[in-house]
Each structure stands twice: as structure tokens, then as C-alpha cells.
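Colleague: Chain by chain, the residues:
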Amino acid sequence: MEINLVAESIKFMVLGMLIVLIFLLLLVEVMKWQAKLINKYFPQKAPTTPTPNISQDEESKRVAAIIAAVAEFRKNQKKQG
Amino acid sequence: MRLKRLILSWLFILAITTGFVYASSTDNHAAPSDATVEEKVYESKTIPQMLVSFYHTTGLEALISPKEGVKTSDGKEMSLFAQSMGRVIMFGVVFLLFYLAIAKQFEPLLLLPIAFGGLLANIPIANMAGDHGMLGIIYNMGIANEFFPLLIFMGVGAMTDFGPLLSNPKTALLGGAAQFGIFGSLVGAAMLSEYTGIFNFTLKQCSAISIIGGADGPTSIFIASALAPELLGAIAVAAYSYMALVPVIQPPIMRALTTKEERRIVMKTTRKVHRLEKLFFPIVVVMMTALFLPDAAPLIGAFALGNFAKESGVVDRLSNEMQNSLINIVTIFLGLGVGSTLASDKFLVVETLGIMIIGLVAFAAGTAAGVIMAKIMNKFSKEPINPLIGAAGVSAVPMAARVVSKVGSEEKPGNVLLMHAMGPNVAGVIGSAVAAGVLLSIFN
Numbered sequence: 001m002e003i004n005l006v007a008e009s010i011k012f013m014v015l016g017m018l019i020v021l022i023f024l025l026l027l028v029e030v031m032k033w034q035a036k037l038i039n040k041y042f043p044q045k046a047p048t049t050p051t052p053n054i055s056q057d058e059e060s061k062r063v064a065a066i067i068a069a070v071a072e073f074r075k076n077q078k079k080q081g
Numbered sequence: 001m002r003l004k005r006l007i008l009s010w011l012f013i014l015a016i017t018t019g020f021v022y023a024s025s026t027d028n029h030a031a032p033s034d035a036t037v038e039e040k041v042y043e044s045k046t047i048p049q050m051l052v053s054f055y056h057t058t059g060l061e062a063l064i065s066p067k068e069g070v071k072t073s074d075g076k077e078m079s080l081f082a083q084s085m086g087r088v089i090m091f092g093v094v095f096l097l098f099y100l101a102i103a104k105q106f107e108p109l110l111l112l113p114i115a116f117g118g119l120l121a122n123i124p125i126a127n128m129a130g131d132h133g134m135l136g137i138i139y140n141m142g143i144a145n146e147f148f149p150l151l152i153f154m155g156v157g158a159m160t161d162f163g164p165l166l167s168n169p170k171t172a173l174l175g176g177a178a179q180f181g182i183f184g185s186l187v188g189a190a191m192l193s194e195y196t197g198i199f200n201f202t203l204k205q206c207s208a209i210s211i212i213g214g215a216d217g218p219t220s221i222f223i224a225s226a227l228a229p230e231l232l233g234a235i236a237v238a239a240y241s242y243m244a245l246v247p248v249i250q251p252p253i254m255r256a257l258t259t260k261e262e263r264r265i266v267m268k269t270t271r272k273v274h275r276l277e278k279l280f281f282p283i284v285v286v287m288m289t290a291l292f293l294p295d296a297a298p299l300i301g302a303f304a305l306g307n308f309a310k311e312s313g314v315v316d317r318l319s320n321e322m323q324n325s326l327i328n329i330v331t332i333f334l335g336l337g338v339g340s341t342l343a344s345d346k347f348l349v350v351e352t353l354g355i356m357i358i359g360l361v362a363f364a365a366g367t368a369a370g371v372i373m374a375k376i377m378n379k380f381s382k383e384p385i386n387p388l389i390g391a392a393g394v395s396a397v398p399m400a401a402r403v404v405s406k407v408g409s410e411e412k413p414g415n416v417l418l419m420h421a422m423g424p425n426v427a428g429v430i431g432s433a434v435a436a437g438v439l440l441s442i443f444n
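Those sequence lines, one after another, are chains A and B.
Just so we're aligned, residue 1 is where the first sequence starts under my numbering, counting upward by one.
Just so we're aligned, residue 1 is where the second sequence starts under my numbering, counting upward by one.
If you're looking for bench data, these hints aren't it; they were derived computationally from the structure.
Don't take every hint at face value.
[Said to hold, decoys possible] Listed next, the in silico EDC-like pairs over lysine to aspartate or glutamate satisfying Cα-Cα at most 16 Å (straight line):
1) B:Lys170 - A:Glu29
2) B:Lys375 - B:Glu261
3) B:Lys204 - A:Glu8
4) B:Lys272 - B:Asp161
5) B:Lys260 - B:Glu411
6) B:Lys379 - B:Glu261
[Unchecked claim] Pairwise CB distance ranges, derived in the manner of DEER restraints:
7) B:Ile64 - A:Ile22: 57 to 63 Å
8) A:Ile22 - B:Val266: 30 to 36 Å
9) B:Gln105 - A:Ala68: 50 to 56 Å
10) A:Asn4 - B:Ala297: 29 to 35 Å
11) B:Asn145 - A:Arg62: 58 to 64 Å
12) B:Lys268 - A:Ala64: 40 to 46 Å
Even glycine gets a Cβ: it sits at the ideal position worked out from N, Cα and C.
Construct the complete structure from the given sequences, taking the supplied hints into account.
Modeller: In C-alpha cells form, the structure reads like this:
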């Protein structure tokens, strides 16, 4: 049987656009829903960044001091051993 | 004087050796041939004979005087035109592609290996695109079975950040609307072959061509090799060259369909996306594919795997591999394999012209549909949506989003739409994979 390509392709178009849009609509809903759910049960720890730089500097100074102390301690240990 | 003497002495040597060889060859005739019939017996020849027979093995001879009975890479009879002028024209086409790739920077990563593959595939006699040729081996290894495009998709997934989409989910619809480029041009292709006598596409071929409108190289190659492998070369070349032309094709359409006020709309800054949202997204997409459209599973699965590896944050080595070395290696193979289909007998057909036209229409239609959808959404949405971002719905990541951003900032300096356009842009990748799945499901 001879099929009309145009009629057939219009059917493809209707089906295709319908499926693509439904798929993405569903995806949109799922994305909204998951965003709500995640932000409800695992709230973003907002105040992670706002700690000012000064305290970070102090922190890094403290770390540096600890590292230096440990290194010194190891050196001494080696000398003794 | 010296030159003359040199030539004379050369001729003298030649004469002696020829005579010698000729004498020994007469001896050989007397000897009984023990060799089996299947094996081609080596026959001794004089130097002039050898020169003549060597000439018969040159490409020059094959180009100048094509013979009947030469087979194409897929075992069909090759027309005399395809053997001679066809090849010469293809060399021209290949040089044009080199020019576009190198001087114009048209998707050079793919067009360059594709064009070189085309150059090699058109070498006469060598039959490099045949089953035992280098290009043929590459083609059978990963293009005939649709494997390479999936690996590329995996790498693209590992490079894609869904953050902009997750922060403004409804922009995903724009990526859906722009798929009208695929289905609109499908109808266009069907009309071309139904109402004009020039083109004679089957429905499968129409579908394979229309996927160019998805503006996604790997998807185009995937669908073309599944539905219409005979058109693969032209489809891939059209897809990649039009993708490179996005900055030329899109802006006029975007301007024609929007008013100045609409183009100046400033969108709200995007919210920060939770890490878990990004982590769950690829899983959500795969689950939805599993439930509704298993035919799109190869494409979306590979894409989601790459993205999941990236977002998980614990397999950086794998994700780096996917988005760097692996995708580079596969790009070389993909380019050469596609290039093998640029052999004159496959590319120089009237269908190629139709593919080029339909591809262009597909890009334009996709852009227009995206922009119109964005205009409609802007009417009904509480938050303003700049209609320009609809144009980014035709995948072509990230080129289309950049074009949107450029047009937007031309209208209103300081209005950065890039992040807003990335949402529909990455949704377009999913959209065209879904559209591809629908087309596959129709024919399966």
C-alpha cells in the first residue's frame, strides 16, 4: 500500500512534539519537587562562606604553627633516635 | 653538455638491463609453473613493461580512465563518474572543508578529521573505506554499531553543568519547543520527496535528516547510522557545519521574532542549587527514560553516566578521563569514520543537496519555535523571561547560549543572559535525545 509521506510525517510530528514536551514537563515537575524535598531535609548550610577572611587567616596561621611544631618535634626525634 | 651525457649513459644502462631481463624472461617461459592456480604467478617483465604496468596501478590512471566493475566500499558497482570526476570533485569538497575548519574555525575538532577521512576515502584503488581499509575498520568498529556517538555523549555529559537548568526548571520547556526544528523539518523533508520529483526520501531517511534540527552532532550520527547509514556523511557534515553557523543563522531569526522591549528584559538572578539536586538529576533522567522511553536509553544513559560521574565528586579520575582523553580519542575515530562516508559514490548524490537545505530549515525552525515558546511563557509567567533564551533550546551547547548572551547584551549592555540561556541549552540536549528516542521507537 502506498503511504502518503506527508500525512505520515505530520503524525510523527504530533507524536514527537507531544512526547518531548510531556517528558520535559514531567522533568520540570520532578525537578521542582526534588528541589523542595532536598532543601527541606538537607538545608543548605548557608553560613559556611560568610566567615570573614581575618578568621581564616588566623586559622591558617594556627595550622602553620602546628605544622612547624610537628616538623620540629620530628626532627628532634630523629636526632635522638 | 653534462646533462646530455648523463641522459645518454642512463639510457645505455637501461637498454642493457632491459635486454638482460628480457632474455631471462624467455627462459622462464619454458619452466613449468608449479604454483597453484589461485596464486597469481609472478611474471617477469622488462623495464618498459614494468613501467607500463606500474602506471596501471597509479591513481592517475584510475582517475583518467575509470574501468567498469570497480566495487565501492560496500560492494556495489561504482559508476564511471564516481570513479573519475566524482573523486576530483570530492577532493575539492574536502579542501573546502579544510578551509572552513582551519581558516574559519568551523567545529575544527570534528570537521578536520572528517575532511581528512574524506580525502583518504577518495583515494582510488587503495579502498581505504573498504572492509579491510583503515577507515572501513574504524567505521565498522564504532559507527556502524552506533558506539562512538555514545562515548562522545558520555564525555559531553561529564562536561555539562545542569545547575542553570535546576535553578530555573521551567526553562526546560524551551529546550522541548526547539525540537520543533526536528519534527517540522521532518514534514518538510516528506513534502520535498512527495511533491517534487527530485528527491526520493523514505520515511526513515526523512527522520534521519530531520534530526539535524536537534543541533547535536553525536545524536545526529547516532540516528543516521541507525536509520539511514547511506546518508550518514552528508548528515554529519550538515549537522556540524550548521552548528558552527549558529552565530550566523540564529540572530536574524531572534531579532525578527522579538520586539526591542522583549530583548531588553532583565531576568532575575538564578538561585543557588543544592549539591544533592545536581547529584540526583542524572538518576532522575535515567529513571524517567526507563519508564517512558527506553528507546532513548543509550543516548540518555551515556549522557547521564558522564554527568553522574562528574557530580558525584568521588570519581574525578573517571570524569576527567571521559571529558578529556577519551572524548579526544573517540573524536578522532568518529571524524575518520564519518569521513569514510564522504566517498564520491555516496556523497555526490542529489540527496546531499536536499539534506543541506532541510538541515538549514531545521535549524531556523528550531530557533523560531524556541523563541516563540519563550514569548508565550513570558506572557504567563510571574517572573519575566527574556524570549531570546528560547533560541538556546536547540542544543548546540554552549554556542547557542553564547549567541543569546551576545544578542542580549547588544540590546542592553550589562544584561548577561548566559546563565539563563544555559538552562534551555542543556535541556535541548535532553530534548533532542528524547526526540531521537521517539523516532527510533516509531521504526522499532
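Colleague: Against this structure, judge whether each hint is valid.
Modeller: Hint by hint, here is what the structure shows:
Taking the CA atoms of Lys170 (chain B) and Glu29 (chain A), the gap is near 8 Å; set against the 16 Å cutoff, the hint holds. Note on Lys375 (chain B) and Glu261 (chain B): the hinted pairing holds, with a Cα-Cα distance of about 12 Å set against a maximum of 16 Å. Of the supplied pair hints, the one linking Lys204 (chain B) and Glu8 (chain A) holds, its CA atoms being roughly 11 Å apart against a limit of 16 Å. Straight-line distance between C-alpha atoms of Lys272 (chain B) and Asp161 (chain B) comes to about 13 Å, which keeps the hinted pair within the 16 Å bound.
Restraint check for Lys260 (chain B) and Glu411 (chain B): the C-alpha separation of about 8 Å stays at or below 16 Å, so the hint holds. Restraint check for Lys379 (chain B) and Glu261 (chain B): satisfied, since their Cα atoms lie roughly 13 Å apart, inside the 16 Å limit. Taking the beta carbon of each, Ile64 (chain B) and Ile22 (chain A) are about 59 Å apart, inside 57 to 63 Å as hinted. Separation of Ile22 (chain A) from Val266 (chain B) is about 31 Å and conforms to the stated range, judged on CB atoms against 30 to 36 Å.
Separation of Gln105 (chain B) from Ala68 (chain A) is about 52 Å and conforms to the stated range, judged on CB atoms against 50 to 56 Å. Take Asn4 (chain A) and Ala297 (chain B): their Cβ atoms lie about 32 Å apart, and the range 29 to 35 Å holds. The hinted window of 58 to 64 Å between Asn145 (chain B) and Arg62 (chain A) holds, with their beta carbons roughly 59 Å apart. Taking 40 to 46 Å as the suggested C-beta distance range, the pair Lys268 (chain B) and Ala64 (chain A) conforms, at roughly 43 Å.
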